[in-house]
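Peer 1: Here's the letter readout for the chains.
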Amino acid sequence: MSFVDIDRADGLSAQRFWERPGFKRFRRHKLAVFGTVAIIALTLACLIGPWLLPYSDTFIDIRARFALPFSGPHILGTDPLGRDVLARLLMAGRISLAVGFAAMMIAMAIGICIGLVAGFYEGIIGATLMRLVDAMLCFPSIFLLLAISALIQPSVPSIVLLIAATSWMEVARVVEAQIRSLKTREFAQAAVSFGASNKRIMFRELLPNAVAPIVVAATLNVAHAILAESYISFLGYGIQAPTPSWGNMLESAQSYLTSAPWLAILPGLAITLAVTSFNFVGDGLRDALDPRMDLP
Amino acid sequence: MSAFLLRRFAQAVLLLFIVSMIGFVILHLAPGGPLSQFAAGGEMAQQDLDRIAEQLGLNRPLPIQYAEWLWRMLAGDWGSSYRDGQPVLHVIASHIGATLELMLTSTLLAMLLGAWIGILGAIRRYSLFDSLATIGAMIALSIPTFWFGLVVIYVFSVGLGWLPAGNRYTIGDGSLLNQVHHLIGPVMVLALVSTAVWSRYMRSSMLEVVNQDYVRTARAKGLPERSILIRHALRNALLPMITITGLHVPTLLSGALVTETIFTWPGMGRLFLDSISYRDYPVVMGILMFTAVLVLLGSLVADLLYGIADPRISRSG
Numbered sequence: 002m003s004f005v006d007i008d009r010a011d012g013l014s015a016q017r018f019w020e021r022p023g024f025k026r027f028r029r030h031k032l033a034v035f036g037t038v039a040i041i042a043l044t045l046a047c048l049i050g051p052w053l054l055p056y057s058d059t060f061i062d063i064r065a066r067f068a069l070p071f072s073g074p075h076i077l078g079t080d081p082l083g084r085d086v087l088a089r090l091l092m093a094g095r096i097s098l099a100v101g102f103a104a105m106m107i108a109m110a111i112g113i114c115i116g117l118v119a120g121f122y123e124g125i126i127g128a129t130l131m132r133l134v135d136a137m138l139c140f141p142s143i144f145l146l147l148a149i150s151a152l153i154q155p156s157v158p159s160i161v162l163l164i165a166a167t168s169w170m171e172v173a174r175v176v177e178a179q180i181r182s183l184k185t186r187e188f189a190q191a192a193v194s195f196g197a198s199n200k201r202i203m204f205r206e207l208l209p210n211a212v213a214p215i216v217v218a219a220t221l222n223v224a225h226a227i228l229a230e231s232y233i234s235f236l237g238y239g240i241q242a243p244t245p246s247w248g249n250m251l252e253s254a255q256s257y258l259t260s261a262p263w264l265a266i267l268p269g270l271a272i273t274l275a276v277t278s279f280n281f282v283g284d285g286l287r288d289a290l291d292p293r294m295d296l297p
Numbered sequence: 002m003s004a005f006l007l008r009r010f011a012q013a014v015l016l017l018f019i020v021s022m023i024g025f026v027i028l029h030l031a032p033g034g035p036l037s038q039f040a041a042g043g044e045m046a047q048q049d050l051d052r053i054a055e056q057l058g059l060n061r062p063l064p065i066q067y068a069e070w071l072w073r074m075l076a077g078d079w080g081s082s083y084r085d086g087q088p089v090l091h092v093i094a095s096h097i098g099a100t101l102e103l104m105l106t107s108t109l110l111a112m113l114l115g116a117w118i119g120i121l122g123a124i125r126r127y128s129l130f131d132s133l134a135t136i137g138a139m140i141a142l143s144i145p146t147f148w149f150g151l152v153v154i155y156v157f158s159v160g161l162g163w164l165p166a167g168n169r170y171t172i173g174d175g176s177l178l179n180q181v182h183h184l185i186g187p188v189m190v191l192a193l194v195s196t197a198v199w200s201r202y203m204r205s206s207m208l209e210v211v212n213q214d215y216v217r218t219a220r221a222k223g224l225p226e227r228s229i230l231i232r233h234a235l236r237n238a239l240l241p242m243i244t245i246t247g248l249h250v251p252t253l254l255s256g257a258l259v260t261e262t263i264f265t266w267p268g269m270g271r272l273f274l275d276s277i278s279y280r281d282y283p284v285v286m287g288i289l290m291f292t293a294v295l296v297l298l299g300s301l302v303a304d305l306l307y308g309i310a311d312p313r314i315s316r317s318g
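Protein chains in written order, with the numbering used here: chain C, 2 to 297; chain P, 2 to 318.
Read the hints as simulated data drawn from the structure, not as lab findings.
Incorrect hints may appear among the rest.
From the structure, some residues in chain C lie toward chain P, with a derived Cβ separation under 10 Å [said to hold, decoys possible]: (1) V38; (2) I40; (3) D62; (4) C139; (5) F140; (6) P155; (7) F204; (8) L208; (9) N210; (10) L270.
The structure displayed is predicted, hence computed values, not measured ones.
Built from N, CA and C at the ideal position, the CB exists for glycine as well.
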């Protein structure tokens with residue numbers, strides 16, 4: 002069936018990916034490069050860091066509680082139980098980043114499927130699905146997150162599902178619009194005239210051509226998921242202690258704002274760094290993959 | 002115009018209907034459902050719980066419960082709070098003022114500040130100011146609102162002692178000055194994200210306009226730069242902003258919930274959080290519906306105003 006794939010023979014596959022114009026544009030986007038480096042560094046630190054530190058994140062040393070950052074053996078100080086803040090920050094980062102990635106994957110799967118079906122079939126199926134999307138978007142995100150989170154047993158998997166269940170709508174909209182316009186293009190109509198099945202047209206013809214906006218949406222979705230996790234954990238309905246996450250570290254730090262401000266400042270900085278980086282990368286990808294789009 | 006209005010209105014009603022169904026199903030499919038609050042006390046035997054379920058109609062099939070709830074809601078009876086027995090509408094009404102005060106003030110601030118940053122960024126494109134504004138806006142969009150709230154409290158209330166750390170006014174002092182003083186902190190926090198959004202959209206909208214023919218004509222006529230920018234460019238660049246403001250309502254409401262929690266502001270967001278932890282389902286459902294109405298109203302008003310402001314917009318879509 003190679004004749005169906007004619008539109009992909011655009012000569013680009015002969016180039017290495019770093020020679021492609023899209024990658025060059027991405028590399029020129031300084032903020033996006035910064036974001037990429039920061040994400041890699043943050044991920045590596047969270048994965049490897051805890052092994053290199055002399056303290057475990059759960060080691061309680063009540064005599065060393067509230068140690069100031071940069072003042073002794075504990076680089077970033079200790080918390081009210083004398084646990085090493087840096088070790089906790091890195092372990093929390095594992096949870097927060099993993100939740101962000103996992104929630105994004107599920108949200109993308111839901112959003113792509115719904116958008117694909119709605120955009121391809123339009124008509125009554127499409128209209129029904131898109132009204133569902135519109136209706137879900139009528140709830141301000143935190144209200145919806147909290148309404149559901151109060152009802153479930155908080156655990157890492159349930160929080161992931163919760164975030165995914167409330168953040169697939171934008172993706173569905175993006176994919177639906179793409180598919181609806183791609184469907185009318187010559188290559189798609191050619192596939193129809195060859196007698197290709199609906200499934201084949203959707204997954205082999207249309208979806209690969211909608212990859213650029215999907216990748217951008219996925220990147221921004223990770224940023225959203227990390228923020229969402231921190232919000233519900235901060236409000237007490239997310240990841241529960243003793244499992245540390247950046248959000249619930251902030252929740253417990255709230256009570257010591259006057260006496261130990263670093264307990265609140267550090268996790269907040271970590272969230273901001275992670276979310277900003279993903280937003281920078283998403284922005285850079287948007288510029289790189291579709292130069293015509295000039296969104297703020 | 003009226004046909005368009007009618008269609009948009011019908012769409013909004015349909016959406017509200019779906020929204021109410023989603024909300025109802027989410028709350029009632031939960032393990033324990035609305036009864037869990039009564040069960041949590043541990044004082045009640047199973048017969049008591051059964052009787053309560055019977056009295057509240059919770060033992061009937063979900064579709065029938067929904068139909069009855071919908072019917073009553075349309076008649077203006079949104080049920081009464083499990084917590085204090087007050088009618089839901091009354092409870093919401095007593096909290097909405099504080100939330101609107103917060104939202105409107107910060108929107109106003111964000112509009113002025115965001116427009117100024119955006120315009121300046123567009124005029125001096127790629128200048129240092131523009132780059133800093135771009136990075137600043139991206140960071141502002143990434144900062145968790147609650148964390149920024151804590152930082153504001155730490156710096157301005159704990160450190161400098163300039164601002165009160167919470168509440169809407171000091172008890173026993175209802176003066177306007179006192180209220181404004183309490184408003185500064187929460188508005189600063191809530192306006193951060195809106196300012197970032199506004200400045201980004203203002204900048205790109207302004208950039209689009211300054212390349213138009215009529216701006217070139219105005220320049221060719223020899224008008225002073227100031228008058229070109231304000232009379233010709235800005236007036237047209239502001240048009241898309243109407244839509245942004247309308248569509249920004251959900252983000253603003255989410256931000257308000259967090260801000261109210263941090264600053265113990267007696268608004269609807271905090272009421273929602275309290276009602277959730279108390280499993281006060283009628284109030285939770287009421288607030289969910291109410292926010293959905295606000296969101297839909299925002300997008301409806303955005304559409305309408307945009308049509309009035311720019312008659313070229315076609316109504317066929």
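Peer 1: Indicate, hint by hint, whether the structure satisfies it.
Peer 2: Now for the hints, and whether the structure bears them out:
With its C-beta approaching chain P no nearer than about 15 Å, V38/C sits outside the 10 Å limit, and its interface hint is violated. Using the Cβ-Cβ criterion of 10 Å, the hint placing I40/C at the interface with chain P is not satisfied: the shortest such distance is roughly 13 Å. The interface hint given for D62/C is violated, since its Cβ lies 26 Å from the closest Cβ of chain P, which is over the 10 Å cut-off. For C139/C, the interface hint holds, the least distance from its beta-carbon to any beta-carbon of chain P being 4 Å, beneath 10 Å.
Taken as an interface hint, F140/C checks out: its beta carbon lies about 6 Å from the nearest beta carbon of chain P, inside 10 Å. Here the hint on P155/C is broken, as its CB sits about 13 Å from the closest CB of chain P, past 10 Å. Nearest Cβ of chain P to the Cβ of F204/C: about 29 Å, over the 10 Å cut. The hint is violated. Among the interface hints, the one on L208/C is violated; its C-beta lies about 26 Å from the nearest C-beta in chain P, farther than the 10 Å criterion.
The beta carbon of N210/C comes no nearer than 25 Å to any beta carbon in chain P, farther than 10 Å, and the hint placing it at the interface is violated. Nearest Cβ of chain P to the Cβ of L270/C: about 9 Å, under the 10 Å cut. The hint holds.
Consistency with the previously given hints fails for numbers 1, 2, 3, 6, 7, 8 and 9, ordered from lowest to highest.
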